[in-house]
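A.B. asks: Here's the letter readout for the chains.
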Amino acid sequence: MLFSSRSLLTMLHGLLFGGGALLFLALALFALRLLASGVGGQASARQLRSLSLLLIAAVVLLWLGTLGGTYLVFPPYRATPPEGLADLGMYPRSLLLSDPETEWLHGFAMETKEHVPWIASMLATAAAFVSVRYRQRLIADPEIRGLLNALTAVCLVLVAYVALLGTFVNKVAPLD
Amino acid sequence: MAPEVDRLATPDEGRSGGPFNGAALAALLAAGIGALSVGLFVILNEAAAYAAPSLYGPAGGVSGRTTFATGVWLLSWWFLHRAWRGRQLKARGVYLATAAMILLGLLLTFPPLWGIL
Chain R
47 MLFSSRSLLT
57 MLHGLLFGGG
67 ALLFLALALF
77 ALRLLASGVG
87 GQASARQLRS
97 LSLLLIAAVV
107 LLWLGTLGGT
117 YLVFPPYRAT
127 PPEGLADLGM
137 YPRSLLLSDP
147 ETEWLHGFAM
157 ETKEHVPWIA
167 SMLATAAAFV
177 SVRYRQRLIA
187 DPEIRGLLNA
197 LTAVCLVLVA
207 YVALLGTFVN
217 KVAPLD
Chain F
9 MAPEVDRLAT
19 PDEGRSGGPF
29 NGAALAALLA
39 AGIGALSVGL
49 FVILNEAAAY
59 AAPSLYGPAG
69 GVSGRTTFAT
79 GVWLLSWWFL
89 HRAWRGRQLK
99 ARGVYLATAA
109 MILLGLLLTF
119 PPLWGIL
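Those sequence lines, one after another, are chains R and F.
For the first sequence, position 7 matches number 53 in my numbering, and the numbering has no gaps at all.
For the second sequence, position 18 matches number 26 in my numbering, and the numbering has no gaps at all.
None of these hints come from the bench; they were simulated from the model.
Note that CB positions come from ideal geometry on N, CA and C, so glycine has one too.
Treat the hints loosely; a few may be bogus.
Which residues of chain F face chain R? A few of them, derived with a C-beta cut under 7 angstroms, are [as the list claims (entries may be wrong)]:
id	residue
1	Phe28
2	Ala32
3	Ala35
4	Ala39
5	Ala43
6	Val50
7	Asn53
8	Gly69
9	Val70
10	Gly113
11	Leu115
12	Pro119
With these hints in hand, go ahead and build the complete structure from the sequences.
C.D. replies: Here's what the structure looks like:
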């Protein structure tokens with residue numbers, strides 16, 4: 047088989063869920079800026095609904111990525127190898143910790159990835175909630191718009207940061 | 009022919025939340041509390057002061073830390089939403105408190121800091 051089930055799981059987690067969330071967050075932020083720059087700061091109901099849908103899609107993907115990462119991808123990553131095993135290729139955490147040059151990829155990158163996505167998911171959920179509940183005045187109300195702008199921007203930065211760290215880990219110790 | 013722009017939104021067209029900003033600020037502050045909770049559960053674990061029990065063995069302690077923090081987030085959101093949803097609040101204080109909690113939460117999950125402890 048070209049890809050193992052563990053490898054497919056990692057791709058689903060990183061590319062589909064993480065990458066998708068990143069894409070939708072970027073789109074939502076762009077749409078928010080674009081709509082706010084329109085004449086009179088007004089937007090059509092259809093445009094506002096689309097903006098809410100972008101944020102809802104980002105939240106769904108982000109939670110799937112976070113939960114899947116914690117409960118499906120992380121367990122095989124941190125599995126303990128049998129005593130005396132020379133080839134640690136199937137045990138990414140042990141592989142990273144076995145070399146001082148890659149130790150930071152567990153101690154810093156993976157440890158960050160364990161927690162920061164949860165914070166990003168909570169913030170994104172708040173953004174999606176605001177976008178649905180205050181949909182009719184998202185653009186016209188500067189307070190609500192500013193709040194949504196800030197939440198979405200912070201989420202985007204956090205998800206991009208975590209995705210970058212995940213790429214580093216997967217490059218050196220892939221879950222094959 | 010259906011108009012391209014079917015309806016224009018104005019500031020006083022609130023949905024179920026009405027024109028009040030309370031529900032938005034409740035969601036924001038609760039997210040900040042959630043972020044800080046994640047950080048606190050992490051730092052308590054790293055300082056060996058309190059380790060949230062593992063709720064799923066293969067995932068280890070992170071399953072307990074994040075589940076407990078998520079519980080704190082959802083509970084605080086529920087309480088704040090019930091208290092603020094029909095109120096117009098001054099946003100500045102909530103913004104500052106939320107920003108501080110998010111920053112602190114992120115700082116506490118920053119592994120280089122754990123080495124200082």
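A.B. asks: Next step is simple, just say for each hint if it's right about the structure.
C.D. replies: Comparing the hints with the structure gives:
no. : hint   : in the structure
1   : Phe28  : violated, 10 angstroms
2   : Ala32  : holds, 5 angstroms
3   : Ala35  : holds, 4 angstroms
4   : Ala39  : holds, 4 angstroms
5   : Ala43  : holds, 4 angstroms
6   : Val50  : holds, 6 angstroms
7   : Asn53  : violated, 10 angstroms
8   : Gly69  : violated, 9 angstroms
9   : Val70  : holds, 5 angstroms
10  : Gly113 : holds, 6 angstroms
11  : Leu115 : violated, 11 angstroms
12  : Pro119 : holds, 5 angstroms
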